[in-house]
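S.K.: Chains B and Y, in that order, are what the protein sequence lines are. Going by our numbering, 88 is the number at position 88 of the first sequence; the sequence numbering is gapless. Going by our numbering, 558 is the number at position 469 of the second sequence; the sequence numbering is gapless.
The set of hints was computed from the structure by calculation and includes no laboratory data. Treat each hint with caution, since some may be false.
[Said to hold, decoys possible] Derived pair list, reagent style SDA-like, types lysine to any residue, alpha-carbon separation capped at 25 Å:
{"hint": "1", "chain 1": "B", "residue 1": "K83", "chain 2": "Y", "residue 2": "Y831"}
{"hint": "2", "chain 1": "B", "residue 1": "K5", "chain 2": "Y", "residue 2": "Y338"}
{"hint": "3", "chain 1": "Y", "residue 1": "K990", "chain 2": "Y", "residue 2": "D795"}
{"hint": "4", "chain 1": "Y", "residue 1": "K1003", "chain 2": "Y", "residue 2": "E1014"}
{"hint": "5", "chain 1": "Y", "residue 1": "K971", "chain 2": "B", "residue 2": "N40"}
{"hint": "6", "chain 1": "Y", "residue 1": "K990", "chain 2": "Y", "residue 2": "M968"}
{"hint": "7", "chain 1": "Y", "residue 1": "K1050", "chain 2": "Y", "residue 2": "S980"}
{"hint": "8", "chain 1": "B", "residue 1": "K11", "chain 2": "Y", "residue 2": "I327"}
{"hint": "9", "chain 1": "Y", "residue 1": "K433", "chain 2": "Y", "residue 2": "G133"}
{"hint": "10", "chain 1": "B", "residue 1": "K87", "chain 2": "Y", "residue 2": "Q833"}
{"hint": "11", "chain 1": "B", "residue 1": "K24", "chain 2": "Y", "residue 2": "Q833"}
{"hint": "12", "chain 1": "Y", "residue 1": "K321", "chain 2": "Y", "residue 2": "N575"}
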Amino acid sequence: MLEIKCPYCGKRSQIEFSYGGDAKLERPKLGTEVSDSEWNEFVYYRNNPRGEHLELWHHISGCRQWFKVFRNTATHEILSTSKIDEKIK
Amino acid sequence: MSQKYRLNNIGYINRNKKISFSFNKKRYFGYEGDTLASALLANGVHLVGRSFKYHRPRGFLGSGVDEPNAKVQLNKGPKTEPNISATEIELVEGLEATSQNCWPSVFFDIGAINNFLNKFFPAGFYYKTFMWPKNFWYRIYEPIIRKAAGLGVAPLKPDPDRYEHKYEHCDVLVVGSGPSGLASSLAAAKNGAKVILAEDKPRFGGSLLVDEVTIGNKKGKEWSDEVITELKSMPNVIVKNRSQVFGYYDHNMMVMFERVKDHLQNPKKYTPRQRLWYIRAKETIICTGSIERPLVFGNNDRPGIMLASAAKEYIKLYGVLIGKKPIIFTNNDSAYDTAIEFKKNGVSPLIIDTRKEVNNPIIKEAISLNIEIKFNHGIANTKGYRKIKSAIIGNFNDDKSGYENLKEISCDCICVSGSWTPTVHLSSQSGNKLKYNENVDAFIPHQSRQNETTLGSAKGTFTLKKVLDDGFKEGFQLSNKITNKNVEIKVPNSNEKNYKEHEKLWCMPLPKNKEYKRFVDFQNDVAVSDIELALREGFRSIEHVKRYTTLGMATDQGKTSNLNGLQLVSNIEKKVVPEVGHTTFRPPYTSVTIGTIVGREVGKHYRPTRKSPMHEWHKKNNAIFVDAGLWLRPRYYKKNNENLLQASIREAANVRKNVGVCDVTSLGKIDIKGPDSAELLNRVYTNAWLKLPIGKSRYGVMLREDGIVFDDGTTTRISENHFHMTTTTAQAVNVLSHLEYYLQVVWPELDVNVISSTEEWAGAAIAGPNSRNLLGRLFPNIDVSNDKLPFMGYKEADLFGVPSRIFRISFSGELAYEINVGSSYGNFMWEKIIELGKDLKIQPYGTEALSTLRIEMGHVAGSEIDGRVIASDLSLDGMLSKKKDFVGKRSLNREAFLNTKREKIVGLVPLDKKSMIPEGSHLVENYKAPLPNPKLGHVSASCWSVEYDNPFSLAILKDGKNMIGKNLYAVSPLKNTNIEVEVVSSHYVDPKGERVRS
Ligand SMILES: [Zn+2]
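Just need the whole structure built from these sequences, with the hints factored in.
M.R.: Structure, rendered in C-alpha cells:
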C-alpha cells in the first residue's frame, strides 16, 4: 500500500485516497469550438507510461482536496506531491 | 505409553505438563512446549503424509516454516484447517490432526499406484495427457484428478473464530530474533528509536537456541533471554513472538501475521485467533536467517530422511532423537554439530562426507569423540517403504560421476546437509536486486530499493562475531538517522565454532544403469528427471521450467528446493547459476489464513451501516428493511400476514388516496455556497440555473463527459449564494467528488464551496391528496396554499419550535412535500407527522411503494440511469439546454447518440393484466424464434400499478416511441416466463402532471 503525502494533511495510507488519472489532461474550455478528434482525445485517450507520471489524487477520506502526485508507475516511488495550483517540484 | 525417542535431560519443554493429542485417530502424548512434529517424533512416528503426485510415504524434512512434507489437516467441523505444517503446530490438550492426500489411510494409499506408473506422470503430465478429447477434461479427467490429488479439505461451515487487524507505525522494524535481530533491536532501541521486533517462532533467539556459542561470556540462549527481557521492559519497543512478517510492500509497508490463540490452553472467549498487522516502518532490518539445503540422491524422500539442522533442533529444543542409528550425510562442516549432539546423547552416528579428507577443527572434534567418518562418499540410494531402513553408499570415483564399492548400511534416519540458503524472500519482495554469491552458493541481497537492510545469515554472513558487529552497527546507524541520538553500546565479545567451506556438490550421481527418483521438490514431487525432461523439451527460462515442472510452486514455495533446482538447470545447461537467475519471490512468505486477511470485516461488519434517525420507529412499526447502498431503509411495513407485494400495494394506494409518509433521509444532500454557486450549477447540470429565483427548486440532470447520464435530483436556491442540492442515494458520494473535481481542478476560478450535508438533515416526504392539509397542521403559522407554496416552491418554517425546510417536490407524482429538520429532531418530526396525520389516514410507506409510485408515473431512477443511457433515451431531451455549454454536452453529437432508432424509455402492460413482468426480462418480437433471437430491449423496473390494478413495467426499448401500441414478448429464461406485453407510454399515470401542481 502506497504512502501518499497529501499537501494539506501530510502522509497517509493509500486507502484514504482515490486515483484521478492524468494530471496533465486539460478540459477544453466550455463554450469553445472543439473538434471531434480533440474531444475524443480528451474523453477517451490516456497515456499509460511505464515510469514517471503526473497524476491526480483525491483525499476522499481526509481533507477532500484534489492534488498532484508525481509518481513512477514502475517502482511506485513518489517523487513529489503538490497542490493543484503549485508547480511540481 | 513411554516415549522411546525422548531424552530426559535436554530441551526447553516442560516435562511436568503432559499433553495428550491424537494423530490419525490414535492417541499420543507430548509435553508443553512441543510441536506436533516433535511430539510425533518422540513417539517414533515418522510417516505423516503422502506426496502430491505419486502418493509416496513422507515424513518430516524440517523443523519449521521450510517443511514441505508434513502437512496435516487440523481439527474437525467448522474449525478444520488444511495444509498446516506439523512442524509449526504448538501442542495443546486435545489437538486432533490427520494426514491428508491419502485414501483410505496413510499406511495403505490407493493413489500410490501412481508411484509404479510414474512413467506416465512425467513433468508437464497434466498438459500432455489430458488434452484430448476436449470434453473428457470436464467429465472424466478433472473429477478423477481432483479426488486423487489435492491437499487438505476446506471447512464447509463459517469460521467461528474471530480475527483482528492492527495498524502500527515504527522507526525500525526488525524481522527475526536471532543474533542479528537481537543486536540491531537492542542498538536501535537504546538509541531512542521506536522498535518492533517480530519473531515467527514461539521462542526468541533463532540460532542461539541450538548453537554452542557464547556472547558476553554467557551461553547464547542466556544472552538472548536477557536481551529479550530488557527489550520488553523498554516503553519504545514492541516485542512479538509467533508473528511472521510475510509480505514486504511498497513504501516500507510490512504485513505481519500473529498467532494469538491456538497455542493457549484456556483462551478467553473474545481472544482473536489470529491478528494481521499492517506496519509502516521508517527502516526495516531483515534478519530472517537461513534454511539448510537438502542433498539430492536416489529415493531421498523416505520418512526418516531429514535436514541435519532439524535433527539438531529436535534434540536441543525438544529432547527428541529422530533415530538411534543415524547417518549424517553432508557436503560441509555444519552438519558435524548434529553428529556431535547425537554422540553426546549416547547415540553413535556415521558421517558420510562428500568431500575428500578435510582437516577442519570441527572434524577433529568429531574424531576425538570417536565418530566414524567416511570421506569422499555419497549416498546412491535408500531402502525402506514407510520408514528408512538402509542406505546404499559408495566411494566416489575421481570426477564424482559414479561410485566404487557400493554397499548397504542399515540406519533408522539420515540427516542431510547441503550447506545454507539465506532467507531472502522479504528482501527480494522489497525490490532488492539479489546477487549470486559464490562463497555461499546462493542469492543474497545486493541493492536495496526501499529502506531495507538485510543482516546476518540472511545476507550470507555466517560468523557470529561479524553478525553481532553488523547488528549493533546497523541498529545504531539506522536509528541515528531517525532519532539523531548518539547512544551507542559496546559489542559484547563472542565465542563460536569455526566452519570451513562446503563442497559444491548437491546432486549425487546414479549408479550405473539405475533410474532412482531423486527428488528436488518434495511437496510437488519434482525429481531430477523432470527437470532434465523440461530442458530436453526446450524450456530454458527458469520461470518456464518452474511452471512446467511445478518446481517450487507448492505451499512451501520451494524454500528447500529452489537452489537445488537452479543448480541442476545450470549444470545441465553448462551455465553458472547467476546466468540462470532466480524465480520471483512473492508474498506471502508462509501460508496465511483467509480469516486473518478478512479480519473483522465479516457479516454486518463488512461495511458500515447507515441508519436514519427514525430507524427505531420503523423497527417498532414492523418495518422490513432493505440495503440501499450503506443505508438500511424500510422496504415495507408489514401488517398481519401481508407479503411484500400486498404491503406495497396497500401503502402506495394509500398515498394515491389519502396521504403517506416516507423516510427520505438517505437521499444525498450537498450544501453549496459562494458567489459563483449558480454558475457552477449551470455548468454541471444540463439545464439553465442562473435565473432560478430564491425560494425555488428545480429538477436537474448531470452528465458525464462522455454524454452518459450521471445523476439527477432537485436543487433549491436557499438564498442568492446558497443552494441545497439533492442526489440519488446511490450516487451521493460520486456527485460530491465530481463537483470537487470541477471546482478544484478544472474551474479553480469559481468561488464556491461544497460539502456533504446528507447526515445533517432528516427527511420525510409526505405525499397524497391530504398532504397539504397535513402540512397546514404541522406548520399552522405559514400559508401553505397553492399560491403561496406552489409546485417546486420552498419555505423555511417552524415545526413546533424546530427549524424546518419545506420543499414542494414530488417523486410519487402526487401532491407532495419534503420536510427536512436537523437530524436530531428527525424522530420528533416523524412522530408529529404520524400524530397529526392520523385522522387523514396517514400510513408510512417504504421503498417498494415508493418504487411503485414512481414507476407508474414514469419517473426514472437508478434502474434506468444505469450508466448506459443518454438523456434522450430517458425522454429527458427537454432538459438539455441549447443555449449554453455544460459538462458532457460536446459528446451528445456523437453519431451513435444521434441515431433516431436508439433505445427509449417506454411502459409495458401484460396483455393478461395479471402477470408481473420480471425485471431484467428481454423484449423480443417472437419468443419462439431460433437463437440468437434479436433483443429489442430490457425491462428495467416492474410494479403492480395501484392506479389501474394491473402490472406495469418500465423498459428501455429500441426505437421505443415508434413501438407504442405494439405487442412484444418479455422473456426471462431465469424465471422461465414468456409474457406477451403491450408497449405503452412510460407516463402511465397522470401524464400531464396535474396532481403535483394541484
Ligand atoms: Zn488531505
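S.K.: A separate judgement is required for each hint: does it hold in the structure or not?
M.R.: Outcome of the hint check:
{"no.": "1", "hint": "B/K83 / Y/Y831", "verdict": "holds, 15 Å"}
{"no.": "2", "hint": "B/K5 / Y/Y338", "verdict": "holds, 17 Å"}
{"no.": "3", "hint": "Y/K990 / Y/D795", "verdict": "holds, 20 Å"}
{"no.": "4", "hint": "Y/K1003 / Y/E1014", "verdict": "holds, 20 Å"}
{"no.": "5", "hint": "Y/K971 / B/N40", "verdict": "holds, 21 Å"}
{"no.": "6", "hint": "Y/K990 / Y/M968", "verdict": "holds, 20 Å"}
{"no.": "7", "hint": "Y/K1050 / Y/S980", "verdict": "holds, 23 Å"}
{"no.": "8", "hint": "B/K11 / Y/I327", "verdict": "holds, 23 Å"}
{"no.": "9", "hint": "Y/K433 / Y/G133", "verdict": "holds, 20 Å"}
{"no.": "10", "hint": "B/K87 / Y/Q833", "verdict": "holds, 15 Å"}
{"no.": "11", "hint": "B/K24 / Y/Q833", "verdict": "holds, 14 Å"}
{"no.": "12", "hint": "Y/K321 / Y/N575", "verdict": "holds, 22 Å"}
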